[in-house]
Amino acid sequence: MAVETVKCDFKILILATISGGYAGADSVGQLHTDYPANVYVLPVVCPAMFPEDFYLRTFERGIDAILVMYSGTDCPYKGGAERTAVIINHVYPLMETRGIDTRRLRLAAICTVCTKPFLNEVIQMNHVLQEIGPVRQKRNVPVPV
Amino acid sequence: MSTRVDPNLLIDLQDYGAVGAEKCFNCGTCTAMCPLTSDEHPFPRNMIRLAQVGAKEQLLASTDPWLCYYCGDCASTCPKEAEPGETMMALRRWLTAQYDPTGLSAKLYTSETAVIKTIVRIGLIVLVLFIGYHALTGFHNIVTNSVQLNTFAPVMLVWALVLLHGSMLFYRMIAGVFKMSRHVLAPVTMGNKVPLRIYLETLPVYITAFATQRRWRDCHGDDEEKHDDGRWFKHFLLVTGYVTMLVLILGFLWWFQTDAFYPLWHPQRWLGYYATIVLIYTSSEILIGRWRKTEQLHRFSQPTDWLFPTFILTGAVTGIFVHIFRYAGWAWPTYIIYVIHVMAMVAMLDTEVGVGKWAHLFYRPLAMYLEAIKAKVREEQLVPDFAPTGTD
Amino acid sequence: MSDKREDAKKRAILLKQLREAHKETVAHAQEKLKAQQAVRRDICKLMREEPKTVPEVAEASGIPAHEVLWHITAMKKYGLVVETGMCGEYYLYQRVKDGKK
Amino acid sequence: MPDKEPLPAEEIRIGVYTCQCGGNISDVVGCARVVKAAGELGNVVVSRTNLSLCSDAGQALIEADIKEKGVNRVVIGACAPSLHEQTFRGTVARAGLNPYFYNHVGIREQASWVHHDNPDGATAKAIRLMAAGVAKARLLEPLEPIRLKAQKHALVIGGGVAGLRAALDIARRGIKVTLIEKSPFLGGHMAQLEQVFPTGDGARDLLKALIQRVVSHANITLYTQAELVGVQGVVGDFTVQICQQSRGISDDRVTAVNVVAPANLPDEFNYGLTTRSVLYQPYPGCYPATPAIDWAHYEDGCLELNGEPLHLQNKPKTFDLAVGAVVVATGFRPYEPPIGEYGYGVLPEVITLPAFIRLLALAGEDERLEFNGRAVKNIAFVHCVGSRQLDGLNEPQPDGQVNDYCSRVCCTATLQATNELHQRYPAINVFDVYEDIRTYGRGHELYYNLASENRVRFLRFHDDELPEVLAAPAGEEHPALVWVTDYLTWGQSLELPVDLVVLAVGMMPNPVDDIIKLLKINAGSDRFLAEVHPKLRPVETAVPGVLLAGTAQGPMNIQESCAAASAAAAKVAVLLGQGYVELEPFVAIVNPALCDGSGECIKECCYEDAISMQPVMVNGTEKVTAVVCAANCAGCGVCVGACPNRAIDLQGWTLKQYEAMVDALAAEDLFALELA
Amino acid sequence: MKNLQVDALVVGGGIAGMQSALDLADQGFHVALVEKEASIGGKMISLSKVFPTLDCCSCITTPKMSAVAHHENITLLTYCEVVALEQNGASYRAQINKKPRYVNEESCTGCRLCEYACPLDLPSAFDMGLGAQRVIRVPFSTAVPQKAVLDIDNCILCGKCENVCPVADCIDFTQTAVTFEIHADAIVLATGFELTPTDAKAEYGGGKLRNVVDALTVERFLAPTGPYGHVLRPSDGKEPESIAYVQCAGSRDISLGVAYCSRICCMYAIKQAMLLSGALPLADITIYYMDIRTFGKGYEQFYQNARAMGIEFVRGKVARIHEDAAQNPVVRVEQIDDGSVVEREHDMVVLSVGMLPSYNPGLIYNVPVAADDGFVAQSAANISPCLTYQPGIFVAGTAAGPMDIVDSIVMAGAAAAETAAYLEERRAVGMAGNGRSPQTTSVKEVSYA
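Chains as they are written, first to last, in numbering that gives the first Met the number 0: chain L, 0 to 144; chain W, 0 to 391; chain F, 0 to 100; chain P, 0 to 675; chain X, 0 to 448.
Treat the hints as calculated values from the structure; they're not laboratory data.
Note that the Cβ used here is the ideal one computed from N, Cα and C, for glycine as well.
A few of these clues could be false.
What the hints assert, rightly or not - For each label pair, taking beta carbons as the anchor points, the in silico distance ranges come out as:
| id | chain 1 | residue 1 | chain 2 | residue 2 | range |
| --- | --- | --- | --- | --- | --- |
| 1 | L | Gln129 | P | Gly229 | 43 to 51 angstroms |
| 2 | X | Glu342 | F | Glu82 | 44 to 52 angstroms |
| 3 | P | Glu9 | X | Asn2 | 43 to 51 angstroms |
| 4 | X | Glu342 | L | Pro116 | 25 to 33 angstroms |
| 5 | L | Lys77 | P | Arg373 | 40 to 48 angstroms |
| 6 | L | Thr96 | F | Gly84 | 54 to 62 angstroms |
| 7 | X | Glu104 | F | Ala26 | 23 to 31 angstroms |
| 8 | L | Gln129 | F | Gly84 | 48 to 56 angstroms |
| 9 | L | Gln129 | X | Gly206 | 20 to 28 angstroms |
| 10 | P | Ala426 | W | His322 | 53 to 61 angstroms |
| 11 | W | Glu378 | X | Met308 | 53 to 61 angstroms |
| 12 | X | Met308 | W | Leu286 | 28 to 36 angstroms |
| 13 | W | Leu286 | X | Gly206 | 52 to 60 angstroms |
| 14 | P | Ala426 | W | Val246 | 23 to 31 angstroms |
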């Protein structure tokens, strides 16, 4: 199993709003539905707080994909959702200029009970990564057995 | 195919003594408790349910009520106190009434006045017959200086009347039997006739069932604490006594009712004594039980349940007195008690055949017999089986 | 030093008094303890060398299986017995080699 | 933190605790491996695991480490932060540490519970998440909660039994209450009931007594025909905007008013079984007693006073209120079956249970029950209409969802109706068509028993073989037929000839999308308003200061609604009774040294007066920088992403902390730790 | 022991009592919580996971237990019982009997060294007799307070515990019961419930069949702190492959004298079935039932999930259970859906026992119970469900009839609201003991001469 794990050892970072995506991820947990273990969810108040360079820096550090799970129209903060979308749209061209596949960044609205959409996002992103490979090709990590 | 729910049957059944069928919430405890249920006959809940939805046709086609011997396990474990056993009892009464083409049974079951009226009427008819006979013979046949019973009541005349009366009753019973058979066999015959061969081949079922009522012994199942062959045995004794008496009267009255004193070793005396003692013992036992209401099956006695043991006791006791008075040579007391004896016996037969234990005694083995016929028909695949589970 | 001895003495006297006061329950409990120790000895003997299942211990010792299970459960709770795996539908238990605890 | 004293450069000593959660975590995640890996991270001085950290013993363990081992930052890997973050914050505070020197990492819902098939992966993930938690912990700052003045005044939305009960209980605690009711009269759906289970009391008698207590209470102000139209502010200090319609005619003139037309509007109080006029009162003895104008049907000239036409105008007035908390008791509406469901809307003989209750009430002392001019002899009740629906089998609601929940009250309500029916019309045959009888509550089973004894005939269907209601063939005695595949009769198809079919319809929440939006609360997938946690915080919403009462939250009977309302009142009293509210200190803060006064943050901020440009002293020189007003800051962080200089940050959620967490998650060297 | 003056006395330290106490204390009222056992937590603390969220039960209970123990406005009194109550003007004077722990409650650190040293094991009531506990022990791992308690009736007075105890004079065999008074203006009864005893029904083996257990036992099997640490059947420790639930084994059955529905059994059976199929993936689980009553928020979906998981639901009330030669319980039931009677053998049968009233407050509190179910009678059941027929005495949780945890917690909140309003209103008319307002009260313990 160890080999298998390393093969798909992509890292997906999820920035999830406490009022939406993070609670949604917790809901998935409460349903005891399994999904790949390469997904790391960090709670955020509102992803609008992250400037464009935060995303670029994250990819540079070796995170293979970022899913921004904001609350969309349910965002409890005025202007938060719109602002998030604006920033993400700014990031795409910056990614292109740096040769980072733009499919590595996705913005999705996830609510507290959006368990299926959450899983869909995670699975789809894993499919994308299977196709396009890791963000950095030069990992010389010993293969654990 | 659908059945239209008839809300009235449950109300009608209450007249026959159903005391809790409406309370049943169909949990199935009773059926699973009952040691007599089988895959083909999972009662009593199925019967209660059919009663609740008023499925008359399905009830008429069922023999399940006759397969229950009312041990009371269903009632003592029922979570709703719905008295499933009593509903089975009520259904037996109701079925008896349905089988009876004269409609008399229905009347007797549902009306206490009808019962009393019938008894009084029949008793009076007997009395009138006696008085009429003696009036016609100018009261010459009443010998008072010695006991001349066969002169007071000429045995062949009495026998002829007994046979005549018997055949009338026999007609009613046979009609009931035919009606029951028609309904019960309908699901397998589908309009065709069951070959006579099958009737004859399965006849032993009827005979053993009638003679032994063996099923009864399975009551309470393997619960050793409650298991009680005594009740079955008492009943068996009663049957032997009753049948002995019946055979003596129907077949050998000329031998049984005699002015001659047989010696003590004579079988006539022994048969008579045996029957009388057994009848007195068992009937008084039953009456005491009913009076105390200790056993589940006695908790909801109806008048018709009292009739049979009461009459048996009356018949046996009066019979003994006739015997004693005859020995003592007291003419008038012998004649009077004899008339009462005959009145009671005739009244008993008339009421019992329609509604009492007589009917039970008769229909129970018949139910088993019909089931055996059905099984045989199915086994031989004479007709396809379309009957749904639990309904036949 | 003498203080301690004094204390110990006092305590011994107190316990004795208490034992007297609770005579019946103490006697009853002592019986229970004796019986428990005897049963435990039998059970532990069987599990010392190799792990055994509850029915195996029950069969070999003649103690009813449910009682064996209870004693093993108790000893497991206080670290005297460990679970070593499964054999069919039953867990295997072994007496901890050295140890009271 | 420029405003504060520079902290003495203390050594950062982190304690890492991995909770086994009674096996919930440790069944999948190798807690020992997590402990070992975390123990090797920088600044970590203690790394432990415990069966249940939230227990007294577990908390004591952490306290002891803080006191004895000098731990000054705490990282806990346990269940979701929403459950126990507060618990442990209290633990840390009890040990004398700033409660915000604490970071909670969710490794149950987001590791052990979602990677059952991959214990190694789950363990590795837990290690990385814990490492990220430690990375954040290194950068934690001490924070002080923001203490806000609390208005000792609550708003209760909804004048049904739950709203009334909540208002009364809050008022009885010495807190002012404003109760607003959308309709012109108090009482809600309870007013439409007659006898109520389990006591058999008259619904309107109970209600009248409750309303009497509410309206006579000095602390309660009441507005009917009033709706919530605006909300600003936060817990303790909301400003709510309320819009109230005109009632129409004053008390002294109302008796003299003559209604010209329209006088035959369907009376919703009786579910259209009767009509009412444009100036109406739902029932005698209602509160307020003054009749109200139905503005939707009002036309000029339809009313006369002393023979002269009256000219009325609805002039809604809007006003603001300052309240500390809001109780949402917006109630339910009965499920409205779509045309054709069990013959509803197609056969005139099919009505809903609420309408049937009105029908019985209207029948009064009549000797026989009539419907559509025909004597009713047989009635069938059908359970679970609009409840316990299955996807693909039932027609979904406009939102695409079926009502897959149980409405809780319909079983007992139906049996109560059959019992009342039997009492008044013993000759009527009653059929009850059900899936499961759910007379769960105290005394409810007695209603079932009584119904059985009343010879109600029960028929039981399977959820995938629903009964059918059809018109009877011409010439039949009874106009409708109900077909049931009855599983008490071993699946036989049974036919019920009936004169009336009563559908025991379920509950749906009143549509309150506007209120949900205004208060920023959530509804669950069943559309009822969602509580935070059914056991930990059963009457609270995710928005502090907004509470739930009654059937807005889910199906409940009167007793349960009242209990929930009282429980909400207790929470309001806890919140406002002290006169102040403490808020979490997660607001934006400006580093004046980095701020160049560009104003980008103000441009993006959507909150009034949250950030402003003000002169401040920085290193002895005055300069104009952004300044945050904590009470008005929502803490969203939009300003953080907008600042070109990283001069503004969110307390407790700083950008640097996120970068550190990302670094920890991405770190390669953690592999060694994971495999340890 | 000093006498106490408090605003409210809460009787019972289960979830309802704890929640009432917390909701009152958070409003600034002073509360005394009296619990007869050595630890608070009630029945809830012994459960494994709770429906419908499947949260770990102790994760919900222990923080509340901890909060009660730490709350500055709550005085927690465990191992205490109210033995008499007097009306003292408009308030109450309760006489409390504190049972001896034989351990000094102040100085015990809960280190459990005594427990390990004790030589005698006893069946543990906390584990339904299937696990063991020592004569001296901390009641259970998450007990609050974490203090040892000694069972003097089973003690041989060997003194081993005393020898190992690291705290001087902590174990004290001479301790006796102590009596003191609590003066309270209001009382909340949260005295809880009892379960139907397993020997209640002769047809179900009368408590003699070892592999017929009640549902609370299964909770212990499923709990990580349970006796076996696995799900094993009690007769021989076999891991069961087939488990059956018998619903209404104590409810809705007049032959048992209980006509009412116990409200929780359907959900806990479904929950346990789901947890069991997680713990024993190969096991077949069957639930025999009459009506499934999953009426609460999210419950119906829970039931549908269980059906989708493959848990078998059989309609029919089990009539009898007997044992075969291998001690496998055999149930006999009519399967209502097709009317057939079957006998099915299982490895273990779980009785979904019901709730019975555990305490009649008539004698001490003069609070009547309802004639039909024996639970505390509610004087205004619909509008004010927490009122009893005794002014100033309120009821919360399962003392007022069967209810699940969610409903108990909500009702506990309601009882706190009623009590708080009652106290406030009494103060307004000057009837309160000292005319204190909750915010200004600073005296917590007052000694009475």
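Do the hints match the structure? See the list:
{"no.": "1", "hint": "L:Gln129 with P:Gly229: 43 to 51 angstroms", "verdict": "holds (50 angstroms)"}
{"no.": "2", "hint": "X:Glu342 with F:Glu82: 44 to 52 angstroms", "verdict": "violated (35 angstroms)"}
{"no.": "3", "hint": "P:Glu9 with X:Asn2: 43 to 51 angstroms", "verdict": "holds (47 angstroms)"}
{"no.": "4", "hint": "X:Glu342 with L:Pro116: 25 to 33 angstroms", "verdict": "violated (48 angstroms)"}
{"no.": "5", "hint": "L:Lys77 with P:Arg373: 40 to 48 angstroms", "verdict": "violated (59 angstroms)"}
{"no.": "6", "hint": "L:Thr96 with F:Gly84: 54 to 62 angstroms", "verdict": "holds (59 angstroms)"}
{"no.": "7", "hint": "X:Glu104 with F:Ala26: 23 to 31 angstroms", "verdict": "holds (29 angstroms)"}
{"no.": "8", "hint": "L:Gln129 with F:Gly84: 48 to 56 angstroms", "verdict": "violated (38 angstroms)"}
{"no.": "9", "hint": "L:Gln129 with X:Gly206: 20 to 28 angstroms", "verdict": "violated (59 angstroms)"}
{"no.": "10", "hint": "P:Ala426 with W:His322: 53 to 61 angstroms", "verdict": "holds (58 angstroms)"}
{"no.": "11", "hint": "W:Glu378 with X:Met308: 53 to 61 angstroms", "verdict": "violated (43 angstroms)"}
{"no.": "12", "hint": "X:Met308 with W:Leu286: 28 to 36 angstroms", "verdict": "violated (60 angstroms)"}
{"no.": "13", "hint": "W:Leu286 with X:Gly206: 52 to 60 angstroms", "verdict": "violated (40 angstroms)"}
{"no.": "14", "hint": "P:Ala426 with W:Val246: 23 to 31 angstroms", "verdict": "violated (53 angstroms)"}
Hint compliance for this structure: hints 2, 4, 5, 8, 9, 11, 12, 13, 14 are broken, all remaining hints hold.
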